[in-house]
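Engineer: So the sequences go chain by chain: A and B.
By the numbering used here, the letter at position 137 of the first sequence is numbered 137, and the numbering carries on one by one without gaps.
By the numbering used here, the letter at position 54 of the second sequence is numbered 54, and the numbering carries on one by one without gaps.
By construction, these hints were calculated from the structure, which means they are not laboratory data.
Straight-line C-alpha distance at most 20 angstroms; calculated EDC-like pairs for lysine to aspartate or glutamate: (1) LYS84/B - GLU86/A; (2) LYS2/A - ASP202/A; (3) LYS7/B - GLU109/A; (4) LYS140/A - ASP117/A; (5) LYS127/A - GLU116/A; (6) LYS56/A - ASP23/A; (7) LYS2/A - GLU32/A; (8) LYS56/A - GLU27/A; (9) LYS19/B - GLU97/A; (10) LYS48/B - ASP189/B; (11) LYS250/B - ASP17/A; (12) LYS140/A - ASP129/A; (13) LYS7/B - GLU97/A; (14) LYS140/A - GLU168/A; (15) LYS84/B - ASP165/B; (16) LYS140/A - GLU125/A; (17) LYS127/A - GLU176/A; (18) LYS2/A - GLU30/A; (19) LYS7/B - ASP111/A; (20) LYS19/B - ASP129/A; (21) LYS2/A - GLU216/A; (22) LYS250/B - GLU86/A; (23) LYS56/A - GLU211/A; (24) LYS140/A - GLU97/A.
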Amino acid sequence: MKPSVLRCNHVTKRYGDFTALEDLSLEVYEGEIFALLGPNGAGKSTLIHCITGVSKQSEGTIEVLGFDTLRDFRTTRRLVGLVPQEINYDPFFTPMESLMINMGLMGVEPDRERAEDLLRTFALEDKRDAYTRTLSGGMKRRLLIAKALVHQPRLLFLDEPTAGVDVELRRELWQEVEDLRAGGTTIVLTTHYIEEAERLADRIGVIHNGELLLVEGRESLLERHDGRSLEDIFVELIRRADGRHAA
Amino acid sequence: MNRVALKTLFIKEIRRFAKVWMQTVLSPLVTTSLYFLVFGVALGSRLKEISGVPYIQFVVPGLVMMTMVRDSFLNTSSSLFQSKINGTITDLLVAPIGASEILLSYVGAAMCRAVITGALVLVVALFFTWFPLHNVGWTIFFTIFVPATFALLGIVSALWAEKFDHLAIFPNFVLLPLAFLGGVFYSIDLLPEPWNAISRLNPLLYMVNGLRFGFLGVADVSPVASAVVVLISFMVLLSVAGIMLQRGYKLRT
Numbered sequence: 001m002k003p004s005v006l007r008c009n010h011v012t013k014r015y016g017d018f019t020a021l022e023d024l025s026l027e028v029y030e031g032e033i034f035a036l037l038g039p040n041g042a043g044k045s046t047l048i049h050c051i052t053g054v055s056k057q058s059e060g061t062i063e064v065l066g067f068d069t070l071r072d073f074r075t076t077r078r079l080v081g082l083v084p085q086e087i088n089y090d091p092f093f094t095p096m097e098s099l100m101i102n103m104g105l106m107g108v109e110p111d112r113e114r115a116e117d118l119l120r121t122f123a124l125e126d127k128r129d130a131y132t133r134t135l136s137g138g139m140k141r142r143l144l145i146a147k148a149l150v151h152q153p154r155l156l157f158l159d160e161p162t163a164g165v166d167v168e169l170r171r172e173l174w175q176e177v178e179d180l181r182a183g184g185t186t187i188v189l190t191t192h193y194i195e196e197a198e199r200l201a202d203r204i205g206v207i208h209n210g211e212l213l214l215v216e217g218r219e220s221l222l223e224r225h226d227g228r229s230l231e232d233i234f235v236e237l238i239r240r241a242d243g244r245h246a247a
Numbered sequence: 001m002n003r004v005a006l007k008t009l010f011i012k013e014i015r016r017f018a019k020v021w022m023q024t025v026l027s028p029l030v031t032t033s034l035y036f037l038v039f040g041v042a043l044g045s046r047l048k049e050i051s052g053v054p055y056i057q058f059v060v061p062g063l064v065m066m067t068m069v070r071d072s073f074l075n076t077s078s079s080l081f082q083s084k085i086n087g088t089i090t091d092l093l094v095a096p097i098g099a100s101e102i103l104l105s106y107v108g109a110a111m112c113r114a115v116i117t118g119a120l121v122l123v124v125a126l127f128f129t130w131f132p133l134h135n136v137g138w139t140i141f142f143t144i145f146v147p148a149t150f151a152l153l154g155i156v157s158a159l160w161a162e163k164f165d166h167l168a169i170f171p172n173f174v175l176l177p178l179a180f181l182g183g184v185f186y187s188i189d190l191l192p193e194p195w196n197a198i199s200r201l202n203p204l205l206y207m208v209n210g211l212r213f214g215f216l217g218v219a220d221v222s223p224v225a226s227a228v229v230v231l232i233s234f235m236v237l238l239s240v241a242g243i244m245l246q247r248g249y250k251l252r253t
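Kindly produce the complete structure, drawing on both the sequences and the hints.
Structural biologist: Encoded structure:
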């Protein structure tokens, strides 16, 4: 088995009386694409936020390559990249400037060549000096991915990267994810598109009401439920969990 | 300390206000020129002298301070609040930086904007009057610490604010009245009691008079008392802003 890149130990996250994550433990291994599936509000983004520093867990520990995300946050944040679910951009800056700024924020000396490479990779070189607000939705999403890669993270989080994008762009993004994995980046992907997980993931986790219901390799999961689609397996898991809660 | 991030964030903040220079640099100049025209030239010709100096000269340090206070506050508060609204605050939250880098870069850039606009107000003032530089040390002290204090207040406001209305509370309902009642346009010696005593509770009075002493050598309160008020305000706001950022107040949910 490959070494562990991410280890969540009994992570709980509460917002007042509401528990968003309940005693969640998870490991992600080097070089894999791990897809975290779950309905809206399941806790996918909350988990990613706790790992990347956008939020803090209430209990439990999270380690990235053996470093604690709270105690050694300066180290872990250099190792991690985040593509957030919501498109965000600074209206004052161009794609080139945004990439240079993000490099500096991640502690890497701004490198124009690296920024040019990323703009080329994500087909944004023609828009390098345009104000970001003038970019199309797809371009803005590609810029978000480029921004998350400026410091060459070992572990990349893609939080619903294809939510609300058209089929063509979705396929382009899938190809980019596969290229990144081929380049050695470990990827954690949250999605509620089952097809996306089926196409990309090595292992799949299903989260619902803040609890991790299942973690298994995609192939063994499909083999075990011989002939049934991932969508059927997912729906059954969620229904069973809802029934358990209702009982 | 992440020095690369600190430098990057500082330059980014400078470039942010430089890109909208008409709004951030030119607009305060127009406002201040109007103040000079109305209070300095029109009213000044009737008021002649206050505290032994010509009225138009008397208002110069107050107008410089008012500009620096407003601009340093607006620079940090608008930048940080816009980041919260447009979601780019995530870039800061996931970066390997702590509260110290954010404080130093945001406050440093706000001070630069305040010093630039303050200096331009002085240039405008030269079209209306000349003025001496009585004490360089006090002038530099108040030019550094007052904008730094209000830049910190801008950070606190932006972290606390949840909508644009919240952000407008301080400049419109606190800063502007305190500035007008803080001796920018008059000496509080002209006020009867209890207004004279009440005016002494206004921190802006000490800031305006501190700079006025630096330039003109006259003030309603001693420069030492002004420096104490400024340093206490600075330390309190530095602690509050530092704790809020450290804890991720309304940022790291």
